[in-house]
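Two chains, two frames, some hints: make the complex.
Chains A and B, in that order, are what the protein sequence lines are. For the first sequence, the positions run 1 to 1214 when the numbering used here is used. For the second sequence, the positions run 1 to 305 when the numbering used here is used.
Not one of these hints is a red herring.
Covered stretches of chain B, going by a simulated chain A footprint (3 or more residues, C-beta under 8 angstroms): (1) 39–45; (2) 76–84; (3) 123–135; (4) 158–164; (5) 167–173.
No wet-lab data here; the hints were simulated from the structure. Owing to the predicted nature of the structure, the values given are computational and were not obtained by experimental measurement. Just so it is clear, CB atoms sit at the ideal spot from N, CA and C, and this is done for glycine as well.
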Amino acid sequence: MGEIFRIEHPSQPLPFSGERFTSQISGQIEIEHYHRYSLAREFCRGKVVLDVASGEGYGAAALAQVASRVYGSELDFASTSHARAAYPKDNLFFATSHGCRLPWRDRSFDVVVSFETLEHLSEQDLFLGEIKRVLRSDGLLIISTPDRDVYSPAGRPANEFHVCELTRGEFKALLGKHFHQVSISLQRPMMGSVLVPETSSLSQTKPLIFERRGLDHIEFELALPRALYLIGVASDSAVTQEPFSLYIETSHIDGPKIEADELAVRLKHSEEMTVELELRLKQSEEKASAIEADVHGQIQILTQERDSLAAQTSHLQELNEHAAASSSNLRAELESCQLNLKRESDSHARTLKEAETKWKSSTEREVELARRSESLKASNLNLTARELAYKFKSKKVFDLANERLCQLDTIQAQVHILETQRARAEVHAKYLTEQLSVFERDLSRPLLKLIWDLSIASKLLALKRLFQRRKKRVGNELHAPLQQEQMSAEAALIAHSGLFDETWYSGQISHISLDAAGCIAHYLTLGSREGRTPNPLFSPHWYRNKYLDVSESGVEPLVHYISFGWLEGRWPHPLFDPEWYLLQYPEVKTSGLEPLAHFLDLGGKQGYSPNPWFSPDWYLSQIPDRTNAPNLTISSAEANSCALFFHYLQRGSKQGFWPNSLFDPAWYRRKYAGAMDAGLEPLEHYVSSGSSNGCKPNPLFDPPWYRETYFSAENQFTEPLGHYLGGGFEEGNRPNPLFDTPWYQETYLAGTANEPLSHYLSIGSAEGNRPNPLFDPSWYRVQYPEVAVEWEPLCHYITIGHKAGFRPNCLFDPAWYLVAYSDVAAEKKEALCHYLDYGSREGRRPNRLFDPQWYLSQYPDVEAAGLHALYHYLAYGSAEGRRPIELFDPAWYRSEYQHLIPSHLEAFAHYVFFGEQAGLKSAPGWNENIRERRIRALGLLEPPRPVRLAAGVVSYNSDEFELSRCLRSLKLAWESAAIPESYLSIFLIENGTSREWKSDDMDFKQLDSQGNVGFGTAHNTIMKQAFEAGASHYLAVNPDGALEANALYSLLQMSRAAKDKALIEALQFPEEHPKDYAANTFETPWASGACLLIPKSLYDEIGGFDEDFFLYCEDVDYSWRARVSGFRVLTCPRALFFHPVSDRKFDLARHERFLTSGLRLAKKWGSDSFQQLVLDELKRHDLEAPSPEPALPLFDRSDISDFSHRFYFANPRW
Amino acid sequence: MSEKISSAMQETHEHYEEQLDVAIRFHNLSRLFELRRAVLSLVCQNYQPLTIHILTQRLSDIDRRSMLDGIASTILLNSRVALKTWNYPDEEPVDARSALLDIGLNKARGRYWAILDHDDTILPNAYTSLIKELRCSGAAIAFGAIAVKHAEVFQDALIVKSRNSRHFQGQTLVDLFRDNFCPIHSFVVDRARVAVEDLWFDHELCKLEDYDFLIRLCSKYPVSFELATQVVGDYYFKSDDSNTIYLSPDAPRSSINSWEEARDIVEARKKRLVLSATVQRMLGIQPADPHLTVARAANWLKDSP
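The following block holds chain B by itself, in its conformation from the complex (with noise of 0.2 angstroms):
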């Protein structure tokens, strides 16, 4: 079945003014179905042009022949969906998630740029909704709401038991200043909006990296937030703890550590990054502040709107 995609797969140097990329990274062969209903949310966007980038961390050829198996006939459905998969083949680091979004973003020749993380889905009219809001707004990134699905996973199903479109509690700039409640597929950038050097991701960071990305560009560019309450997309909360996020009272001292350790950078980053002029007066603060950095501006605009 995989031969049959090629066509899809064909590396091309056309560059797409309306195009979107959107990176998935995909590690574990076993948990392929979670991939197939992303893909599946993919395929079925209203959005279209668009390529789904699959960035995979040291997969043999017998596993990617697996994986393309097992979504071809998903891709197939869509023809102006194309699909690119690329392959991380170096023993370091050991988690190389922020590594594998650097890839997806230098192999990006679309305009617009988004994640979607491999067990996560997107609503039909997300992509549609966020791109005419970057349009209309002339934001570099623009947000959308995330609903949370608590499931039980047993064999390749998932079985929804509640669903809350609250979660994520945050629905302004000065919020995500604070704390992220911005999951990694509510967002997309427009990239002609965004200096080249500043798409990158911290390699240092295994978790909140995508955090740290943001709080970088929202630092310094315009950011819009009109749909934060349009639910765009879902997070499952799994029942077998797969969940990156998830991180329980009782979770290993390693694993609390790794978070503790990319939470301190993330916030010592805040406290270095300055707010540009341009967001400053977004937030309404004119003239502008050289000093206001993220972490202040986060405790001291408390109450903007």
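Next comes chain A alone, as it looks inside the complex (with noise of 0.2 angstroms):
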């Protein structure tokens, strides 16, 4: 890859008049120019440059681009004057002048640059002896001019321009009167191929030339035949050869061709799209005549309705005053309406009166019929026993028994008549009195009501007539035997169901007077396809829309549930589930009995439930004091589950009554308007339809989360809401994913069985209940106040606040978090959510700010007991006085600050959110403190004392590269320290193949080979010298490594600063170690033996590595060691060590070697559980344990070993 430098190009160019070249044309002529140009530039960098005749300026400009300066020389003003503005360039001037008299001093130029000018001039050799005066000693022309002998051959027009052409012979002649040393080169374009060596340079290479000379010839010549230009280099120093170089304009002589399609692709393209785009001109011209003249007729329209407004109004008046007159002669109406009213009224009272005399006489004939029944009952049971006595004996006897049971039948059915007598007698005893409730209240209301209800009340009277008519038709058409055999089993089948109640049903065809036979006749003829229910809880017309089998089977809806429907499970109403009811009433299932018969008959009377969803005593909670609330009309007696749903069925959801104590039907209402079905009930919706969309019953309940939090494949149709109030609570699932149900159970509501998120709703949230142990709804209310009015803190934070930036407490940062934590904003989770789950657990932070880890580590009970480090802090670490960093004392800031931190603002989060920009300081002189505290440890404060240092460096057959870059580092470390060099002295001891490194630049000594003795052996071996010869210090160093130059500096600084006292490891770059150091101590629990400065006191104390390692874990040993002996373990974080460790690939070996280490540390320092992690790893890759080594361990400092974080051997950062 080489350099690439720009073409220069004006903006305008110059018109060609083919005296000079312009960039306005191409082709031969600027391939042949960019050329000369291209090599001159390479002849140009650095130095001083005339170009003369620079014409347009763009060769000028493109030797400016590598030059020092360059300098134009052009005759045409207009030339001159348009480079300069066409190539501003620091280094770049432009000049009027002639060649044969240039305006520059002698000696000027390092290079002048002329190019096609010669030969356009007559003063040859005054032109030359120009360019001579300004060019140095030793500088250099560079000149061309066409080759007469090629260029203007006999027979061919001459070029105009042009005074005076030479030939070959001729310009070398003239050029070597001028200059003692000339070298040609000819130039000609062409088309062709070239073929290059790959390795040595052009210029050495002789050419092999092949020309084609026609269709069938090649021409082959050492040198290059009928070249049209001369391109002259002259100096009077030594010039070297000019260049071979080569100009290539395209790399494939069919790319223009290719070009020209392309871009006669393009142009058609482009006609057709022209074509298009006026077509769609046209039409949009048509259109826009079109919307004009219809605007036009709008105009017109609107005139003639604004016109007509006008009288319509003045008619409104009339009508106005017209309505005011009415209103007196309908008030005088009214009155008569009342008096009539209050006839009406005391009619129905004699009616009613009549109506239970009746009643009386029926109900004593009843008794009688009864008495009378039982005795025939007997009297059957005789008769029965005697036929079975006698049944073979006597045909009369037989005939009687049959005429007794006939007579038998006929009383049943005179008793079963006045039963419905009765019941008729009491729906319109109770109609009457509905009827005339209504009317008193009626009377109350305003006019306009009173005359609307008039009108009810005479259409009513009206339609009262017509049903009486009709009822007599239609009841002497039921009253007739029905025909067909197949209705006669249905009705049988109803009528013995228990799930026809012909009071419900009466009810809806009040018009008509039935019995109960009746009804059920009317229900299979008329009322299931007229959608009349024969319960509350049967809808035929939704069991028919639910199960389109039925639907097509033609089959009655109620006669096939009772026939198969529960038995196959299905539901004979959105909102009763027989499936749950059998599981939820086990009772219900042994008996056999249906279950809607079931509910309807005892179930509700038992208090049972219909559906997972309606809980009668959460219903029956709400209305504690009927009689503040009389449309209820619940009385005690009706008071069972059944009455109830009902109840709420009919009233209690349009009342805003709750089925349970998390559906809100007034909520749901006004949430989903537009999805729900007119005229369904919120629940029934829900339930049908409303969950498995996505629907919430109420703002805090998320099906769709619940469903895929909790819900396996196998019961993705179990409903959320029923399975969370049916004991998905009290398994401590979450209704949402900021909910937590065992938190809450377990702060607010121990000991007590109450439904979590429903407390949390009606009392909790008021009350200031967390719904999780980072969420303040207190907190919330006061920080935005504009959320109170109308939100619940928790709705709102999961609606909007979260996405708007809104904090659940004072300290939990969510903006901060997403942005710090791109991984939980990539996965596109809330952020305090992920903070709850995961979060906290992974020791990130909640803002800027707290940090959990540094918290949790300070105060060790708080992690004993399991608590979220933040939640503590703000439950009780704040009030407690803790501090929530190690730079914050939020007792003192809030104590120097209560002026400025608002009363419902805790400290710290006054800090983090406004104190710290502000420039307020965390603790008194604390920052100072932590401040002095590392400057001390890292030892800022003075420079090292210098020391007598042995670096040692153990090598296993090392890389070549890397070991001399190690100890060039180790060299530049050194000086870099500004230690004498002879206190350095550095030692290497090969342990793999012997042999003997050199170094031209370092001084090093190389100590016998032990063979491969192990890492720590032979640092041992190197330390034992070093210290013998007085060294204060050993560096141990690995040869694969190399010290930023500043490392050793500050790894002396700090041993200095540590009194010697420490062992000290320079931090592995790039990629650190991840185990834990203290971020002001810079202790840590073992270093590394990378890198690792160790003074001569602690080897005076406990010697050197423990040689039973061979290799790894041993610098770990010798840290705990060291620490047992009261030294420090440090890490320098101003001490960089390069050392690759980050592309290792697995090596079994190495991993054999690694667990075998860590098997002696574990023995070493007790740790029996290590031993078998160990072990089973060893086993696990199908290794031997390493032969028994001595049981008992040497050490029993467990407060200092760790072998809780594996092979960390330390708490790791990540």
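Written as structure tokens, this is what we have:
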């Protein structure tokens, strides 16, 4: 890949006159010029250059890209002005001058360039003399001219601008006359191919030139034939041969054709687009015309409408006056109506009294008939017994018995008729009572309402008369015997199912007076098709729509349900779940009863629920004082679960009563008004389709999330709210990601069986209970007062707040969290939810400053209690005066800045979001103390004292480049430390194949190899020798690494600050070891041996590495031993040691050594569990455990050794 | 010390087919300790030959000498790594970060080109892996993954608190079209495979200039995300808010505006840039749609691998 430079183009090219090349034209002449200037450019790097006859200036501009300064000389003033404007560069100048009278001083230029100029001049000697004058003594002229023999052979028309063309010999002679050294190159543009050797320079290559001569011949030559142009390089000092140079215009000959084809295609496309656009324009114009006409027409219409409205207004005024007059008339009519209604009321009262009398009479008759019935039953039994005894003996007796039985049937039918009459009388009386109450209530309503009621009343009277006529007719029809056998069977089936409530049904056909059989017959013939319901919980219409097979079969829905439906688990109503009912109440299943009939007849009285979403107890608890809620009309006799449920369906839902503790019908109706079918009750909608479509039963219950979180594929069809209410909450399931059910239960409802979310919704939120440890509703209300008006805080946060960056408590910053942890944002997780579920455990921060890891390490009781660090601080820590971070003192901060901190804001929250930016202090002198502690620990207050340092490198067949780099880094780091060179000694020992290492620029001592004795043993050998020779410190350095220039200085500074009572490691770079170190004291559990500073005092105390470790873990052991002896172990974050470890691939042999050393470490420091872990790992890799070693632990210091973090041997930072 | 590295800084006309040029922008001498880390990570690269171009903005001669003194010992660690420095002298634009990168491009002589911010680092095998991928795949750009380290700055030390190798989410070209998940040091460009007229940075942009550059190149030339999960370098997220990309919710309005303006420019570019047939083929779109823009591809190819 070579240098790429820009071809300079003017924004406006000069027109081509034929005299000089301009960028207006292209082709051969452009190639010739670009090639000359590109070549000249290489001679001009860093030079002062004159371009004689610079023309349009593009060439001079190209030279100026590399030259120090370039001057362009041009005879034509217009060209000079153009060039000056087109190429405004700091190192490029243009002047108008004649080539024979150049306006510069003697010896001004390093290089003069003049292309295709000489032939335009007659005074060629004078021209070259002038060039020589301005050239420095060792200056260089690069000049070109056409070869007359080739360019203007006899017969070819001459170039009208050329005054004197030269042949090659004449040109060479002319240059030789003025310069001692001349070199000529030949230039000829061509179309062809180039073959260049891969390695040798072009200038060293003799070209073999082939030229096609006509159709059938190729000419071979060793020099360029018929070159049009001559390029001369002349100087008084030595001239290097001009390089062999190629200029490649394009890499393939067919390129222009392809480009032309592409352009043609694009042109064609453009033309098509133009035609299309013209067409669209035309269409648009037509549309515009049509719109204009339309607008005009509309204006006319509007004008007419305006006139019409004016007329209507005046008409309305007249009507208004007329209405006022009518009002007084209506008032009179009203008084008349009141009288009529009073009369009507009296009449109804009388009718009621008569009905009661009839009922009393019928009751007496019923008693009499019952008595007779019992008597007949007894007779019947007697007859049956006699029949059994004598059935084969006497046909006469048999006939008599049959006759008696018929009589019994007749009597029973009479009883039935009387019962029907009694029911009808009851219904009639009830109806009349209700009508009376309606009329009485309506009498007190305003005038217009009364007028409306009056018309309704008159309509009712008319309808009553109509219905009486129809009743008579239909009654006659229905009392006629049913003709069809099937109808009879279905009626019998229904009558015995317990699912037909003739009272209920009669209420729907109050215009007709029917007995039970009549009602069933009516239902079968008309009612079912008309959508009338046999009981409040069976909807034939819904059943048909839900089960299309039933609809298609033509079977009546109730008949289908009784015969097959309930056994197949089909629902009679959107809110009655037979399967659930049977599961919930196993005794019903045992009895074999149909569930709905059971609920209607018995279950309701026993307080059973019809489905998982209706809780009778909850429902009843909402209406404790019925005297204050007369519209409820639930009498104590009716207050069973069945009646309550009917009440909910008919009235309660509309009045805003909840069917259970979590379903809010009013909210649901408002929220999903658009999605609900007209007339559908909210709970019905929710159960039928809402839940599966993601509708919520209240703002805080999230069915899709619940389903995704708690349901497996098998129970994806279970309804989440029902599941939650039916036991999910007891299992700790959450209704949404931010409501922590178990936590809420334990915190606020311990010892109770209350459902947590309903508690939170009804009481908890208002009392400031938190739905999870980190959402604070009270704070939220105070912080965002605009929310408090309409929203429950958690609901607001889930719906809007978290997206708008609202904070769930005073210290959690969701906006910052998503910026800082973009993986959370990428997963589209809500920040608080992520923090609660993962972030807190992963040690992530809830805001820029709070450090949970520090908090937990500082206060072990918090971690022991299993609490979130942030929650603990918010709930207890702040009040107890604990520090949220090392640098912050809450009590001091609050007292210092009490005038700035709002009463509701926690002190640290104020500091995080306001104080720090405002430059407030976080603790009394704390920042300074921390800073000083760090400075002291790092030893920044004074330079390292000159120490005698021995650096030891243990090699094992090291890479030569790496080892050399390591040694060089030691030398450079030592120079940076500015300590006398003689104080440093470098030792090298080769553990691998014996060889002698050499370095030209490094002075080091190679010790005799002892073979592959292991890392620690080799270092011990060096250390022993080094310390005996007077070294005060030893630096162990891995041969594949390199010290950063300041590393040694920083290590020695830190060692001095620690009074040489510390083992100090450099920080590995660019991949640090993840083990932790203290941010202020820089203490670390153990130090790596990759680059480790060991003071002699430590060596004197504990010796060197434990030689039982062959490789790995010896540094961990050495560090722990140092700590046992009272030495500190430190990480120096300012000392970087390059150590490439990130790309190491798994190597079984290395892994085995690692495990073997780990096993040794575990035995030495007494960790049975870690020994077992290592043995298991060895076994997993089919590796043999090393031979037994001394069993007893040598050290029993569990306060120092750490095997709880596997091979990290320390708490890892990541 | 700066004299010692003069040999490493010799202007050369040699052009290396194998050479990698890495551009580092630097303008604040107080962050020299970070530059030293960045340079160390380059000097110790396994891939060589490598030339480091330090591009400065209106740095005085004295500061330039101080800078060279600060990194001299590091440069001398490896003779196969050369150092060149280039200063942008003009007063305008005030923020010349795009202009600096253009200088870096123009001064590059090697076939391969990369960028490293002065406060970030690159892993030793990063360029070996990425250039190997370029050679194997024939792509014009190869991408690797970058880990994020959260660090506290104290004096000349970075105290690293945590590391996250999955911070930048995304693994495919379409992901890149949607949003920039490729930090500036996550890729290497093969200049031989890119037309010179496409190698430029938009001087209008002082934010997202690298994303704009990537969008333009990646819409036209084949790219490789084979190494999109292999960590090749670290991005330091620092406690002193010195990161360029960090934008807190409390940032000044002017800063937010400048980000939003840059984003608008890039988004507008996405709506104009049409994907080349080569790139469309790479994405599995055949025949190519002549009107498929980057923005449409980002939206349309939602679930593409």
